[in-house]
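A.B. asks: Spelled out from the first residue to the last, the chains are:
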Amino acid sequence: MHAESVVRAPLIYGDKNYHQITEDLCRPIEGKPTRLYLITITITACLMSWGLFMIGWTVWFGIGTWGLNRTVDWGWDITNFVWWIGIGHAGTLISAILLLFRQKWRMAINRSAEAMTIFAVICAGLFPIFHMGRVWLIFFNLPYPNSRGPLWPNFNSPLLWDVFAISTYFTVSLLFWYTGLIPDLATVRDRAKKKFSKFAYGVLSFGWTGSAKHWQRHEALSLVLAGISTPLVLSVHTIVSFDFATSVIPGWHTTIFPPYFVAGAIFSGFAMVLTLMLVARKVMNLQEYITLEHIESMNKIIVLTGSIVGSAYITELFVAWYSGNIYEQYAFANRALGPYWWAYWGMMTCNVISPQLFWVRPLRRNVWFTFFMSIIINCGMWFERFVIIVTSIHRDYIPSAWSYYAPTYVEISIFAGTVGLFLTAFMLFAKTMPVIAMAETKHILRISGDTQKKAAAAHSHSHEGSAMSFQVHKP
Amino acid sequence: MRNKFLVGIYSDEDKMIDGVRKMRENHMEVYDVVSPFAVHGLDDALGLDESRLHITGFIYGMTGTTIALSFMTWVFTTDWPLNFGGKPHFSFPAFVPILFEFTVLSASIGMTITFLLRSGLWPGRIREVLDERTTDDKFGVVFRINKKTTEEEISKMKQMLQSTGADEIKERELKNHY
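Heads up: the sequence lines are chains V and D, in that order.
Heads up: the first sequence runs through residues 1 to 475, numbered per this note's numbering.
Heads up: the second sequence runs through residues 1 to 178, numbered per this note's numbering.
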């Protein structure tokens, strides 16, 4: 068996065995919902319903109910779209890229992060769909043989690339998430006592038995899906950034956009995973599975991506000055000093300065501080999208076309509604399916479990010679 | 037709793997192993061939690429050549994003469906479970018993399971193949 250094902190604390893992991770599903759960989900469901009602309102009365005008034709809708898509990046990043890098700590958070990806992409998709106005003509986006020629969509347009990118991303994330869930749902099925849950989980688990050949194929599938999802996750936000970068608007027309957007997406995605998982960890008693080491690892990724985002902001400013292009220079001066200065400085504070605090180890390992920071980062990333979108277009080339944009209550309600939708969907997921990948956690128990590691270390020390492999080399 | 199986239940995957190796060395045909997670080294011990799923993934992906490229080329050069700012009708670089996305989409949908069909998994498929603990913490080594299996062979299987550390041995008769 493959051993791991005792110097490395265990990923599973407590005296666990395989059965205990099943018990711990199935307990939240099998018990009755608590009062707190019912109250919270009622609130989020109300929020969601209000948002859906306002979407209906928009469809009925038209886009005129939003605060958009002739100059600012992309406002909160596209801001929220990019924000949600960014949040949806953590799931696939954790499952795909960290799988390829053999990062075992991903196993505590991958399942829930993938679920978040799916719900976030659903929330994101609502905005461009309902911004189209006549939403019943949405199929015009798709290349289907039609009676208008046939007239095809423009395959050279980044907006159409986005249609393909987002729908592919959603489908692949869903397949990845669900195929991973099948063995865990089978575990829940085999434990189920009630007839209805046995039947329901039986349907959902597709008749999984854990046969050796099935496991072999399952592993092959996961590895290939991870392999192709890695460029996919990078391509999605790259293509979202092309929506802006291929235009001729000062502040948008920059080649730095793809890496800058991808880093920002991972940054905000990890922040959202932290926000939800820090709560779930406490409420569902998962402290032994989602440990301080996991939180610290995520915070390290936040420092990395936050620093990339910070350098991108500064690079943009430098290039605006260095380009000698007065429109470009004005766009950036206007961001910092114009009527939307508060959004710019909010973004700078939340995204550039605050993540740097995570260089300090005790702060990286502080649960309350991390929770607070995760919310700050989510706000900062929302400001970033608002700054990029609204401040770049609200002062057009001709001063007579200058305008100011503020959202109406309809836009605010739809945004709040998507937050409600996201939280409701996540809470339903957490109550019906294991939030931590059970089979994978069992897989790493012997290598990364606390008790197992100590036993392995004690065992190797009792044999002379093999103890050498556990020595720490100090410089 | 009814299917009879002899199942040895193990609690320790290392003992189980060693057992499977020993059984195969003794020319016994281990029908299957059911486990709560993918046990590393088991494929080798059971002598399973490598899965060809990734090859199908490649084929599906390449099919997707071909469809997307030929379709976009046909639309923009033959069916309805539109002039977009004087750019070439066949503008390959602009096709790359959709080519990539469609390749990934075809490969992943195709592979997942192949995986499910090959493994006989679909929504609502109900299989009788050999032992409910094998999705929790136990590992089951399965022998198949048919008409040709002699009593002598069965007792050899039982003895082998016992000697390699099975906690429990049971015979199961299922209506359908599990």
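FYI, nobody ran anything at the bench for these hints, they're computed from the structure.
Predicted model, so just to flag it, every value in this text is computed and none were measured.
Be aware that one or more of the hints could be misleading.
Covered stretches of chain V, going by a simulated chain D footprint (3 or more residues, C-beta under 8 Å) [said to hold, decoys possible]:
| hint | segment |
| --- | --- |
| 1 | 201-209 |
| 2 | 418-432 |
To be clear about the criterion: a stretch of chain V counts as covered by chain D if any three or more of its residues have a C-beta under 8 Å from a C-beta of chain D, and this derived list gives those stretches [what the hints assert, rightly or not]:
| hint | segment |
| --- | --- |
| 3 | 220-234 |
| 4 | 440-452 |
Once the Cα atoms are required to be at most 27 Å apart in a straight line, the calculated DSS-like pairs of lysine-lysine come out as [as the list claims (entries may be wrong)]:
| hint | chain 1 | residue 1 | chain 2 | residue 2 |
| --- | --- | --- | --- | --- |
| 5 | D | LYS22 | V | LYS194 |
| 6 | D | LYS22 | V | LYS213 |
| 7 | D | LYS15 | V | LYS194 |
| 8 | D | LYS15 | V | LYS198 |
| 9 | V | LYS213 | D | LYS15 |
| 10 | D | LYS156 | V | LYS213 |
A virtual CB, placed ideally from N, CA and C, is assigned to each residue, including glycine.
A.B. asks: Need the list of violated hint numbers for this structure, in ascending order.
C.D. replies: 2, 5, 7, 8
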